[in-house]
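Trainee: Chains as they are written, first to last, in the numbering used here: chain D, 34 to 322; chain L, 34 to 322; chain W, 34 to 322; chain X, 34 to 322.
By construction, these hints were calculated from the structure, which means they are not laboratory data.
Misleading hints may appear alongside valid ones.
Which chain D residues face chain X? A few, computed with CB under 10 Å, are given here [claimed, not checked]: (1) A56; (2) E60; (3) I62; (4) G67; (5) Y71; (6) D73; (7) V79; (8) Y117; (9) N120; (10) L253.
With a cut-off of at most 30 Å between alpha-carbon atoms, the simulated DSSO-like pairs for lysine-lysine come out as follows [to be verified]: (11) K134/W - K225/W; (12) K281/L - K305/X; (13) K305/D - K310/X.
Where is the CB? At the ideal position from N, CA and C, for every residue including glycine.
Number of protein chains: 4
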Amino acid sequence: MTKSTHNNAVLLMHCPDQQGIIAVITEFINTNGGNILYLDQYVDRVNSVFYMRVEWDLDKFIIPKEKINDYFNTLYAQRYNMEYRINFTDRPQRMAIFVSKMSHCLYDILARYTAGDWEVEIPLIISNHTDLQDVSRQFNIPFEVINITKDNKVEQEAKEFELLEKYNIDFIVLARYMQVLSEDFIHRYPNKIINIHHSFLPAFVGAKPYHAAYERGVKLIGATSHYVTTELDAGPIIEQDIVRITHKDTVADLIHKGRDLEKIVLSRAVEKHIQRKVLAYKNKTVVFA
Amino acid sequence: MTKSTHNNAVLLMHCPDQQGIIAVITEFINTNGGNILYLDQYVDRVNSVFYMRVEWDLDKFIIPKEKINDYFNTLYAQRYNMEYRINFTDRPQRMAIFVSKMSHCLYDILARYTAGDWEVEIPLIISNHTDLQDVSRQFNIPFEVINITKDNKVEQEAKEFELLEKYNIDFIVLARYMQVLSEDFIHRYPNKIINIHHSFLPAFVGAKPYHAAYERGVKLIGATSHYVTTELDAGPIIEQDIVRITHKDTVADLIHKGRDLEKIVLSRAVEKHIQRKVLAYKNKTVVFA
Amino acid sequence: MTKSTHNNAVLLMHCPDQQGIIAVITEFINTNGGNILYLDQYVDRVNSVFYMRVEWDLDKFIIPKEKINDYFNTLYAQRYNMEYRINFTDRPQRMAIFVSKMSHCLYDILARYTAGDWEVEIPLIISNHTDLQDVSRQFNIPFEVINITKDNKVEQEAKEFELLEKYNIDFIVLARYMQVLSEDFIHRYPNKIINIHHSFLPAFVGAKPYHAAYERGVKLIGATSHYVTTELDAGPIIEQDIVRITHKDTVADLIHKGRDLEKIVLSRAVEKHIQRKVLAYKNKTVVFA
Amino acid sequence: MTKSTHNNAVLLMHCPDQQGIIAVITEFINTNGGNILYLDQYVDRVNSVFYMRVEWDLDKFIIPKEKINDYFNTLYAQRYNMEYRINFTDRPQRMAIFVSKMSHCLYDILARYTAGDWEVEIPLIISNHTDLQDVSRQFNIPFEVINITKDNKVEQEAKEFELLEKYNIDFIVLARYMQVLSEDFIHRYPNKIINIHHSFLPAFVGAKPYHAAYERGVKLIGATSHYVTTELDAGPIIEQDIVRITHKDTVADLIHKGRDLEKIVLSRAVEKHIQRKVLAYKNKTVVFA
């Protein structure tokens, strides 16, 4: 839907902190004719790690796009012991949405998508139920029902992999998808599966967090978006927010009030991911502004 | 310091929900010449419990103050199976503050007290360290050092009880007091000991919550004020709030940012308690507006 | 879409404050077999005005539905000098949405509507542009294009009135409708037109508030939903909220960040209106919990 | 009170955006033996202005402290057309507090100061009333009463200048000081006078903002800290925040609830100023993280 008209490179990197890295990298870009559009860096002084995101315009960059990675790797990455990715903005990422029965997160994502707010393609919705098929029809997006039970998880996930391959999917958004993915699945998409959990993690891990919040008598409820790892609800947190409740709120009220929180928190995380502004490292995230 | 000039009665009650309770109680007050200044009620329809707070002016109330409780008990409380308290605002409650080494909550409370914001008396500060003795001198409030160790807890708490008796203390505020009270202590002051825990409970119960929050990589930190019960950090929550943090914040930053949160959340809870607007019931609180 | 299965009456009222009103009204309901499901009241002691919202189940109420208003008027409203409305929940209200070119508020409303979150009917969308016709088709709701210019406002609004009559519309939501309604229009729908203004009113009244916010260098931007009155952006405020921004945000960023704020603030206000929990009085609102 | 043990230089600068500035400046610091402890930069792409804050350890820096400014000016500032300041952290800044009758902001500042939270000296409190003299005594800080009327402003401000000189004051905090300073006064301390205004500016400029907020029926109240300029309440905003209110809140409630907001918002701004993280430019501020 949204074709990017930009021709930029985005470098996301971290390495052991050393003096002069910014200087060296910005000089590399400047010298070769790149125009820096964005630079944000952060030094974790506790662990001596340097993080940076740089985006530059490739229009007058003299190194050919397909060779940038090689050059960068040879000249800097090895020398500074970097882990890094260089992505290009001329091809929008391709995102699959996994859903179950609740529509609020799905609608929120598709409304943004349709309005052209995000530079992304959404060619595929997968669900373990048929409930939201009508929503997919409204937005004209293929909807695949893959029913999951304890007994058929291996085969059904195999079907999902096929679909994800077929549609060339870069990352997955679990928009209130009520299934736990297998370890195999999670390992195939490291820091590429974004989940929304309906609590202020690490409080109320697992099922029925609103019921647990009601029982505990909290005065705020939260929602947390994070990358899925093999430990349930324990992956790197991308975004969290809360809303105030009172003693008057029943479990049904919490579920109702939580929906707005869930959709906004999930969409904020997805947006940052699309913009390649999230750098996951050791079960935490650096989220660039 | 602040002597109340009001001559009001405050009824806090709950009972099984039945039709007509508001009508009956407001008629009781009106008929006897009381002028209702505040009425707030709430029905927990899940558990069928009715909660109410009514405050009325006693100036023209024809039932003598010392007999109001008797009359109310005979006429209504037994009939409706109420649990209730009637308090009078002409005598400010007396509050003791327990502290250890950190001053921010103590200063916040004493600044409000000195400014006359609260109808309360603060005749006593107890600490297990001498660090904040100077603060007590600034505000001219007796400061008693009661050193607590594993071995001397029973005797030392006995000294505390004596002081609390001597100073006629109604309720206790733990203003970052770093000791766990004994069960015996807690049982003597049911729903009368207010603690501030420096996390968004039930996340990060126990010691060093900021360190735990840092390790988990949360994007918000919280503070929770609650009544102390015998289970650690598990008592009825009165107030909570949060502040946004980022990947840039170290543990020291969390501690620094958390201080404002702790003091404001604690003071909000203390204020509601002083106003007799908190009704604890089954490990939750009803907090009237 | 959502047919209410409830058979309740909702009384919204205000009158000069007098002792005993709650008692009298709750007794009226109880005595006649009504089961009170909700009661919230508030006394404005500055202006001596009493406000109340009561909702009760009509299933065993012995006064016939069509006579409740008469009885209430004769027995209480005149005696206590009340202004009041009694509404019944068995017929959902009918809401028209006015839009221009931006889809975010429209999608947010229609997603809630389709999910059955609100007891409301939305039979009509009116726009001065064709841009959002596709959205109306997705949700299968009639979309009428009424082009408005300075010169044709009178005739075009006449067409709108016809449509509003034809579709039996109870209230109107301006979901980023970029036209100023005529005084005549506004007078026909007193406290029945809900607008969303993209600033923290009363700051930045009028056009281009995000540009003005950017120029002023504020650190928070806001959105305000209010009932439309003849003075621009000056009607009774129903709901407001804010989001934090920084010096890094351009006008485009403010517009982008503001969209989530606008849609959530508008939907919260519409929800309260649908639940008949908003009572406008003297250019302010009482919003019941 | 707090003597800094750091020996750092802090560069705050802005200039027309050009490629390579970060590289050049970080190389200057690195080459000469400085260890960069903090670097944050921001490019305003709308106006093509580059902003940066760099802090580095001077322990092994080979350029003598007293010559750093000269070198930097000659080598870079002129070449890049910079406006800049280089400050050193070994001498804490000296701050004067101006107050009138309300103590909440003053206590909040002095509590932080006494706890050693801020690297600052507070040698002087000036007031136009005697009300807070006791607070100054509690904290053992000179308190000068300078009564201001319309007729004596010129002479009285002259006395204030003398005191500010005598105490070697670097910047001034108006902690709910209820006087408007003269243009002459303001010109002497450009971006060095921090005020707290008790509204969400630009709403409710001038006197009695809580009364105005009450009249308007807003659902949130705010507080704004800003540098004082000659136009009332129109200077560069450093920090803002809000708190939710309801129809139940009287003007007295707004004043009460606003106090916490005022003190926290003011202290956050003062802290950022002390840390030299605020860069005012064209009536806006860049606030580094």
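Trainee: Hints first: check each against the structure and report whether it holds.
Mentor: Here's how the hints hold up against the structure:
{"no.": "1", "hint": "A56", "result": "holds, 4 Å"}
{"no.": "2", "hint": "E60", "result": "holds, 5 Å"}
{"no.": "3", "hint": "I62", "result": "holds, 8 Å"}
{"no.": "4", "hint": "G67", "result": "holds, 9 Å"}
{"no.": "5", "hint": "Y71", "result": "holds, 8 Å"}
{"no.": "6", "hint": "D73", "result": "holds, 8 Å"}
{"no.": "7", "hint": "V79", "result": "violated, 13 Å"}
{"no.": "8", "hint": "Y117", "result": "violated, 19 Å"}
{"no.": "9", "hint": "N120", "result": "violated, 21 Å"}
{"no.": "10", "hint": "L253", "result": "violated, 13 Å"}
{"no.": "11", "hint": "K134/W - K225/W", "result": "holds, 22 Å"}
{"no.": "12", "hint": "K281/L - K305/X", "result": "holds, 16 Å"}
{"no.": "13", "hint": "K305/D - K310/X", "result": "holds, 26 Å"}
The structure fails to meet hints 7, 8, 9 and 10 from the earlier list, while all remaining hints are met.
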